[in-house]
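Chemist: Residues per chain, in single letters:
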Amino acid sequence: MSGPSTSGSALSLLEVRGVAKRYGGLAALDGCSLTLETGRITGLIGPNGAGKTTLLNVMTGLVRPDEGRVLLSGRDVTAAAPHRFAALGVARTFQIVRELGSLTVFENLLLAPRRQSGEGVVASLFGRRKWWAEESANALKAKALLERVGLYKLADQQSGGLSGGQKKLLDLARALLLEPRLILLDEPGAGVSPPLKLEMIRLVRELNAEGVSFGLVEHDMHLVGELCDHVHVMAEGRLLVSGTFGDVVKDRRVVEAYLGVAA
Amino acid sequence: MTDSFVVNRRAVVAGLGALPLATAFGRPALAQGAADVPLGMVLPFSGATGSYGPAMKQAADLVVAKVNGAGGILGGRKVKLFIEDSETSATASVAASKKLLEVNKVELVGGFWGSPEALAAKPVILAANKVQMLSCAANAVTEGDTKGLIYRLQAKSSQWGPAGAKVMEKIGAKKVTVLAQQNPFIVAMVEPFKAEMAKIGGQVMDVVMYNPDQASYRAEVEKAFGPEPDAVFVLPLLTDMVSIAKEIFRGGFTSKVVSLGTGADAEGKFLQAVGPEVAEGIYHLQPSPPIDSPSYARFVKEMGAPEGTVFLFAGNAWDQVCITVLAMEHAKTQEAAVWTKSVREVCNPPGEKVDDVVKALKMIRDGKKINFNGAGCTCDFDEKGDSINRSFYVQLIKGGKNTPVGVVS
Amino acid sequence: MIAYLITITILVCVAALVGLALNLQWGLAGLVNFGVVGFVAIGAYAAALLAPEIGWLPAMAVSAALSAAFSAGLALLAIRLEENYLAIVTIGFGEVVRLVILNEPWLTNGALGIADIPRPFAALGDAVGGDAVFLVFAVALVALAFVTLEGMARSPFGRALRAIRDDATVTSALGKNVFALRVRAFAVGGAVMGIAGALHAYYLTYIDPGQFTPIVTAYAFMAVIAGGRGSNVGLLVGAGSIMALLEGTRFLKDFITVIDGVQLSALRLGLIGVGIVLLLILRPQGLAPEPRRRTSDVLPDRTTRS
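Line by line, the protein sequences give chains A, B and C.
The numbering used here applies: residue 9 is where the first sequence begins, and numbers increase by one.
The numbering used here applies: residue 121 is where the second sequence begins, and numbers increase by one.
The numbering used here applies: residue 1067 is where the third sequence begins, and numbers increase by one.
The set of hints was computed from the structure by calculation and includes no laboratory data.
Worth double-checking, as some hints may not be accurate.
Said to hold, decoys possible - So, partial list: chain C residues that the calculated Cβ filter (under 10 angstroms) puts toward chain B:
1. Ile1072
2. His1266
3. Phe1317
Note that the Cβ used here is the ideal one computed from N, Cα and C, for glycine as well.
Whenever a hint applies, use it, and build me the whole structure from the sequences.
Modeler: Shown next as structure tokens:
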């Protein structure tokens, strides 16, 4: 159940211990234990069906594991509701782009900041002065972020009309407005043009330098190699091997897992 | 969307919406000639009771044609009849009545098959000081202050019940159950029926209520027929009676069935819908029109129906128009508040009996006191506007035909 | 003629209130409420039963509160389930309400209905004559509801609801408590539906179960779709248009004497259907778009783009 643990170490930001999740007869996660450390960009790789996305969902409260625990800075968040994670400083992006289509780009970002008093029913009517002030402040932050990712000129357009790559940037910008400690990126490179990928690499490095930790689920090995200090390789619902990118790609077990050599 | 599409849609909606406004200014097409006397009716052509409207309209139109053909009323003025669809809806009935009163300026708002429609329209019509005539049974309509403006051309709910009990007595049924629809017309019959049954020494074992528009009535039929009563008093409207009759037939129940004309006859539609085998043996009662009078036979003929057809609601519509024109002629005015006082004058005894409206008009002009008897009833009213002298006509469906059994009162 | 138009306008006001409420629940928040008529009926019956005892205003407040409570309760039960289940649960609710008011005569007088419901400002109304006073009352209610609901739509609350409508998972990942927001939206909508029911009862002064059939729900959806989901301005125009279609076709039979009156009645209802379909074909996005926050609203340096 419990794997090798590094909890208690001040470096551990997000840790899963012995997490299992079954869908019918299929075990998507089968006793998985790994850690994302503070300040790092940690990669999560593995062949299809390894359980990466399920793990990401467990880490952010979208899926409740059948067994095991999720710890955020040592605090047990296994049963926390998904919306609690933003408040706890964890943000995530999505593999298949899910922009909020009927909202404009600008509104997408205005949505993100936490603790908006205007979201209360009574406050929306009677606390206008207060939440309008919050809107103005958030608007400035939104503008800054949009400029940073190069989407400001599209601010008033409906986000449903953006290109795939632009939507990914929007997803990231939105996550950033949560001012998170940890961002979990779910295949940010998928379906994105090479110049945009370079842009993303630059952005992630900048943010990491500013103190944001990352977890990166990716298939694009180039992206992983460029960004990740540390990589976890998953296969068949559990952790196979951990180490630096260079070490891990040379490991025979990893090669076999990817090539699907029968056990 | 391009601009042209927007213009199209706007034009369509604006055009339809402008229709009511247009009538305010464009008098010619819809307005009666300055001399016409406007009458209005709210009848069901759609919705759950939509099957009862057309015959009522036909009858009303016939009277108007007769009267206008014989020179009209009030010194040669023609009667103009405006008819609106109640849609079997109380809200639609209010809008319809308002339109008739405010736009067509009618002196009479008649028709009203359904009690909810009549009850909703009542305050509107009374506020306008016009006469309301109705063909529905709910007691509430003639309760309270009617300002002498309401006339009911139908037996009250509280009269139907005892009539049903008397039928039970006639066919020798002592232990009975009731199977009834949740409907204001029907619900008010149940208690008087039970009371009358007790009086004649019978016993009501169970009252099974059902909701309209159910997919199946099997459970209710089984509950009502299960205890094997001598007879079951079935109180439906047409559509549910068709389903229920089939259920009874399928279930092979042997208890006698006594029902109402609204369901088990509906001017022949019931027999048409279920066929002679299923309908065999069903008794039904309805407030009787003066079946034996020659004028009634004439009415049936003019309606284009086979001899012996018992019209229930069409006759009421016919009578409403007849009474109105006669009262107007008697009072020498079209103003509702005035001629309403003449209604009982021309309808109630004493007086020379007459049932032909043209003849009656002439008699009034000659100054004679008449006692008008209509195609739906004898048209005698009490101070509340209810019909008195309501007898009920009982028939039995045998061999695919309605055969008369008798009259109860 | 004017009195007739007043009647129609009052009926539009009732429909507009229901539509505004549904526009919040479904237009903005994406919650499928197929039991709209049930909440309106609760409001109508509460007002009808209580107004003679405690006065029209307290009774109307109870209508709103009771409908809101039922809405919240239903939402608590069903909103955790997948989207489609709320639709099913609300259909059931609408039917249950109708059957209860039909079959419980000790409470609601059953099929016979409740008559002589007192009207607000009755004495003033009689003095002025006609329904003019009631018209002012009805329009004032609609204006109040509009200002309130539009204010909510333009606030962060409204934006959060629209986000939930588009994608609840993403919105929850952004830290919004989706469940709580949905229950609140449903309850506020329910309250306005209750008020609509009370207004209906006060106008007709007679209510019966037959007035609360699923067609009420259908009309509400028609008005929201015609007006454009989320747009309250569009909704008011949409509700007015539907009513104009309904009542305007009533006049056709006065102009067209060629077709029989009976056939014309059937034709009229068909025409209304055709009208709705035309509206959807010619303008599927509805009459107006939902309100959005533009950069120019909040950022002083941006000029408004056309």
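Chemist: Could you check the structure against the hints above and give me the numbers of any it violates, in ascending order?
Modeler: No numbers; nothing is violated.
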